[in-house]
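Undergrad: Residue strings, one per chain:
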Amino acid sequence: MRAYRGRALLLALPLKSLIQRFAFVLLVGAAITIMILSRAEPRLVDSLRGAVGDAATPILEFFSHPAASFASLVEQVDAVLDVHAENAMLEAKNAKLLKWQTVAAQISLENEELRQLLHVVPDPNASFITARVISDSGGPFVRTVLINAGKKNNVRKGQAAITNEGLTGRVVSAGQHSARILLLTDLNSRIPVVIESSRERAVLAGDNTPSPRLEFLAVDARVHIGNRIVTSGQGGIFPPGLPVGIVSSVSEERALVQPYVNWDRLEYVTVLDYTLPGFLPETKRAGRIGELR
Amino acid sequence: MRAATWLERTDIQLRGLTPFVFTFLMVLASALPWHLPNFAPVTPAFTTIAIYYWSIYRPDKLPYAATFILAMLLDLLTGTPLGLSALVYLLLQVILNTQRTFFHGKPFLVVWWGFSLVMPGVSLVSWIIASLYFNALVPPMPFIIQAGLTISLYPLFAVALSALHRHMMEGQ
Numbered sequence: 000m001r002a003y004r005g006r007a008l009l010l011a012l013p014l015k016s017l018i019q020r021f022a023f024v025l026l027v028g029a030a031i032t033i034m035i036l037s038r039a040e041p042r043l044v045d046s047l048r049g050a051v052g053d054a055a056t057p058i059l060e061f062f063s064h065p066a067a068s069f070a071s072l073v074e075q076v077d078a079v080l081d082v083h084a085e086n087a088m089l090e091a092k093n094a095k096l097l098k099w100q101t102v103a104a105q106i107s108l109e110n111e112e113l114r115q116l117l118h119v120v121p122d123p124n125a126s127f128i129t130a131r132v133i134s135d136s137g138g139p140f141v142r143t144v145l146i147n148a149g150k151k152n153n154v155r156k157g158q159a160a161i162t163n164e165g166l167t168g169r170v171v172s173a174g175q176h177s178a179r180i181l182l183l184t185d186l187n188s189r190i191p192v193v194i195e196s197s198r199e200r201a202v203l204a205g206d207n208t209p210s211p212r213l214e215f216l217a218v219d220a221r222v223h224i225g226n227r228i229v230t231s232g233q234g235g236i237f238p239p240g241l242p243v244g245i246v247s248s249v250s251e252e253r254a255l256v257q258p259y260v261n262w263d264r265l266e267y268v269t270v271l272d273y274t275l276p277g278f279l280p281e282t283k284r285a286g287r288i289g290e291l292r
Numbered sequence: 000m001r002a003a004t005w006l007e008r009t010d011i012q013l014r015g016l017t018p019f020v021f022t023f024l025m026v027l028a029s030a031l032p033w034h035l036p037n038f039a040p041v042t043p044a045f046t047t048i049a050i051y052y053w054s055i056y057r058p059d060k061l062p063y064a065a066t067f068i069l070a071m072l073l074d075l076l077t078g079t080p081l082g083l084s085a086l087v088y089l090l091l092q093v094i095l096n097t098q099r100t101f102f103h104g105k106p107f108l109v110v111w112w113g114f115s116l117v118m119p120g121v122s123l124v125s126w127i128i129a130s131l132y133f134n135a136l137v138p139p140m141p142f143i144i145q146a147g148l149t150i151s152l153y154p155l156f157a158v159a160l161s162a163l164h165r166h167m168m169e170g171q
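Sequence order for the protein chains is S and Z. Number 214 in numbering that gives the first Met the number 0 belongs to position 215 of the first sequence; there are no gaps in the numbering. Number 157 in numbering that gives the first Met the number 0 belongs to position 158 of the second sequence; there are no gaps in the numbering.
Where hints are given, some of them may not hold.
[To be verified] Ranges between beta-carbon positions, derived for each pair: (1) S:77 <-> Z:148: 19 to 27 Å; (2) S:107 <-> Z:131: 49 to 57 Å; (3) S:83 <-> Z:94: 25 to 33 Å; (4) S:99 <-> Z:140: 35 to 43 Å; (5) Z:20 <-> S:239: 45 to 53 Å; (6) S:121 <-> Z:148: 45 to 53 Å; (7) Z:148 <-> S:115: 43 to 51 Å.
[Said to hold, decoys possible] If you want a taste of the chain Z side facing chain S, the calculated C-beta under 8 Å gives, among others: (8) 72; (9) 78; (10) 80; (11) 81; (12) 83; (13) 123; (14) 127; (15) 142.
These aren't lab readings, by the way, just hints derived from the structure by calculation. These numbers come from a predicted model, not from an experiment. C-beta atoms are modelled at their ideal positions from N, C-alpha and C, and glycine is treated no differently.
Take these sequences, add in the hints, and give me the full structure.
TA: Below you can see the structure in the form of structure tokens.
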């Protein structure tokens, strides 16, 4: 019995290591193939991402609560430390904002009258849905978040995601109950924008750093530090005029933008459902810029 | 020796799942929104810690197929190029498989030192693959900071891991 066992082991051990080696080669091959496929045909992976996102939503929702409360504890300690300075700052800001409120009321009234005089075609109203951020891309590769709303809630690929501070990004894939948002700082994010004061058009291109840059600016474009950047609405995917950020640095080669959104406090985002009447059907709308579906 | 009862056998099998379950939890930890200042891009590579530890001590309980599945899940949840983590972690595991006996019975500092050599390698390979995938130079700084953070957090996880490991061995 013992001898038989020994012989079986003698055979089994090399066989086991052979199987392991075979599995290794097979799995490495699979990983490389999947990577190349997902690069060439992102649609193949999109549905898988959606399905896994859906399946993980309840788990991530459950775990994201303690994570959020830990973060709010850190925030509270932080807030207590500089409560006086913040109060003084807020009082000053409040006084300033009250002044602006009257100005805004006057201007919006005037704007309304002028629009009526000119018979301006009104922009379609965007409906929206607000969802919780349940997953973050923990790692240096991409800047995306997962939210707990999907196709069931009318969230679809291409829609703009905003917070009360400004534009956050756009939906890149949607499952039934979850959707992934590509933040505007991501390497693959391209958003048509306009410099609010000079109306110069540009494309805001992310590069995984906190400050995306302005691309395709005209050579003689007037860009200055502090200029507000808003969406241009070109392409019809985003409503025009969503606040994006302010120009934070300008040099010979490039202009960088500081987004309004505070990425560390991204707990809820609002997804805008904005469709221009008579515009391309959803299946023909661009997913990535320049990539017609 | 009396034959193990059904309950005992199930107990042993469940304990054997520890490496897989722990690594799975580390995958979830990577995907959670921590809402900490500037944290998301440099979130420590929790999964790398788990795979390093179990590949050294219990590779039989974390076979290549398990690593592959967990890494794919990580990529799907965090939005990383699909297949990237699987490739990197499989390579890590095959390298550790040849070196793992060196670490057996060595003091903690040696194992930590080993991790401090492995982690930059993992980051470098990931950075190269990501840059090839996106056809653009991905900013390397977050990779460097992530590697540093992960190495400095390793002892904390090692304490939990060795406690788990002891608990797992009790039934065997």
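Undergrad: Could you tell me which of the numbered hints above are not met by this structure, giving the numbers in increasing order?
TA: The structure breaks hints 3, 7, 13, 14; every other hint is satisfied.
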